[in-house]
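Participant: Residue strings, one per chain:
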Amino acid sequence: MTGKDAIIDRYQDLITTYIKGKSETALYKGQQFSRKLIEQQISPEDVISLHIQVMHDLFPDMDEDMRDSFDFLLEVMIGYGFAYREHQSLRDKQQQLESEIEVAASMQQTLLLSDVPEVDCLDIGVISVPAKKMNGDYFNFVKDGNALSVAVADIIGKGIPAALCMSMIKYAMDSLPQQQQKPHLLLENLNHVVEQNVHPNMFITMLHGLYNPDNHTFSYAGAGHEPGFIYRASEDRFEDMIAKGIVLGVSRTATYQPYEKAIEIGDMIILLSDGVTECRTSKGFIERDEIVALIRKHMDRPAQELVQSVFEELEKLQEFELRDDFTLIVLKRVV
Amino acid sequence: MDIQSCVEVRNEWDIVSARQLGRNMAKELGFGNVDQARITTAISELARNIYLYAGNGKICIQPIDQLGKKGLKIIALDSGPGIRDIRRVMEDGYTTSGGLGAGLPGVKRLMDEFSIESTVDVGTEINATKWLR
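These protein sequence lines are chains A and B, in that order. At position 301 of the first sequence the residue is numbered 301 (the UniProt record's numbering), and the sequence of numbers has no breaks. At position 46 of the second sequence the residue is numbered 46 (the UniProt record's numbering), and the sequence of numbers has no breaks.
These are calculated hints, taken from the structure and not from any lab test. Treat each hint with caution, since some may be false.
Derived contacts from chain A toward chain B, CB cut-off under 8 Å, selection only [said to hold, decoys possible]:
1) I8
2) V54
3) L74
4) F82
5) E313
Derived DSS-like pairs: lysine-lysine, alpha-carbon spacing no greater than 25 Å straight-line [said to hold, decoys possible]:
6) A/K4 - B/K58
7) B/K70 - A/K4
8) B/K108 - A/K4
9) B/K108 - B/K70
10) B/K108 - B/K69
11) B/K27 - B/K108
12) B/K27 - A/K4
13) A/K170 - A/K93
14) A/K143 - A/K261
15) B/K27 - B/K70
16) A/K132 - A/K182
17) B/K27 - B/K58
18) A/K316 - A/K133
19) A/K93 - B/K70
20) A/K182 - A/K143
Beta carbons: idealized from backbone N, C-alpha and C, even for Gly.
Here chain A stands alone, though its shape is the one from the complex:
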């Protein structure tokens, strides 16, 4: 018995049972049967044809007009079969695309992965979580002799275009190593690269900083990036880390202002992306004050645990639905 014959027999059984008893059980079985048909990718017109065949067998004396009406129905259902197959083919294509994105995302992870370096005087914590499959936030640490350079960037935009753009930024940064010593010059150079290579409706914000362990200063410059915070242990106070500068890629002649802060023992440098401050809860956007309160709540713990806990709390507040890529970096001076 072929598969097709088996289906015909089964359908005949089911429909005979239903016609005799008109029971809900028989209808339920019909529903289960349809699931099986869908699994086997049997299209709507085949189901009609199956029905016609079974009806012919069950009622050989069927009225001829009735018989003809089935043929008409079959013709009408061909269009649904058409649409059904197109749908299946598009679904296959979608699955294929998704798995390609999966591969691209893991490639991106590998490409952009930045090891968190060991620096004697600093306790460093980092978390970066994409809202979708690919991350449009980027952070990078480079240890240059004694100094530690750190960058956080955010592409205005999300998803694959943002991620592709980020990969370009990484390579642009890698090819400008001599600039790492001067954050504002590095931004100027990157601005050229972005302005020339990135689509005009895509912008990048970045904060770049350099920690000098010899005199414990943090020099930095910003290109339209969400301001970070500096925690002053002696005053037990958070101050905004203002850095004026236009986002990368807008103006060819943009220049950036250098800033420098002295960092004392116990002080913290907190860098973030706007995914942190634009967390949206049922009550609206989270205020910077609330972020500060969250950091304060966990700041006695090691830096990595700190960023992890802040992320977990914000994730919970947003009911586990990230709307934007999230990056939070804490540098805590320990000695």
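Keeping the supplied structure of chain A fixed, place chain B upon it in accordance with the hints.
Facilitator: The following block gives chain B in isolation, referenced to the frame of chain A:
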């Protein structure tokens, strides 16, 4: 055995004639109800394309017998503007006529074999075969 019967397609009524021709031959060859309807739908789509985009052309139906393997072949010929990007029209979702919403990829799926040749400003030839099982 290559007796071809053809229908010129110039207006919408010719689509019906082409369908009728295909259905008669499909019935004669012993195709079942569903396959008859599929073949006819494929003819409809091809004839409609000729009517809408080429202005005129013809649909030919040919019974085939290859070493005892029987089938039916639809040939759609036109001398219209041709198709510039065949790959694109063979993509799902590229709806042209809005008819059944599946256009040429749909025709390809309704039939067992499908081939298309088109030259811009010269015309298009589509061959589609359904085998009798």
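Participant: The structure should be examined with respect to each hint, and the outcome stated for every one.
Facilitator: We went through each hint and held it up to the structure:
no.	hint	verdict
1	I8	13 Å, violated
2	V54	13 Å, violated
3	L74	5 Å, holds
4	F82	5 Å, holds
5	E313	43 Å, violated
6	A/K4 - B/K58	37 Å, violated
7	B/K70 - A/K4	21 Å, holds
8	B/K108 - A/K4	23 Å, holds
9	B/K108 - B/K70	19 Å, holds
10	B/K108 - B/K69	20 Å, holds
11	B/K27 - B/K108	21 Å, holds
12	B/K27 - A/K4	21 Å, holds
13	A/K170 - A/K93	31 Å, violated
14	A/K143 - A/K261	19 Å, holds
15	B/K27 - B/K70	13 Å, holds
16	A/K132 - A/K182	33 Å, violated
17	B/K27 - B/K58	21 Å, holds
18	A/K316 - A/K133	20 Å, holds
19	A/K93 - B/K70	33 Å, violated
20	A/K182 - A/K143	14 Å, holds
Violated hints, listed in ascending order, are 1, 2, 5, 6, 13, 16, 19; each of the other numbered hints is respected by the structure.
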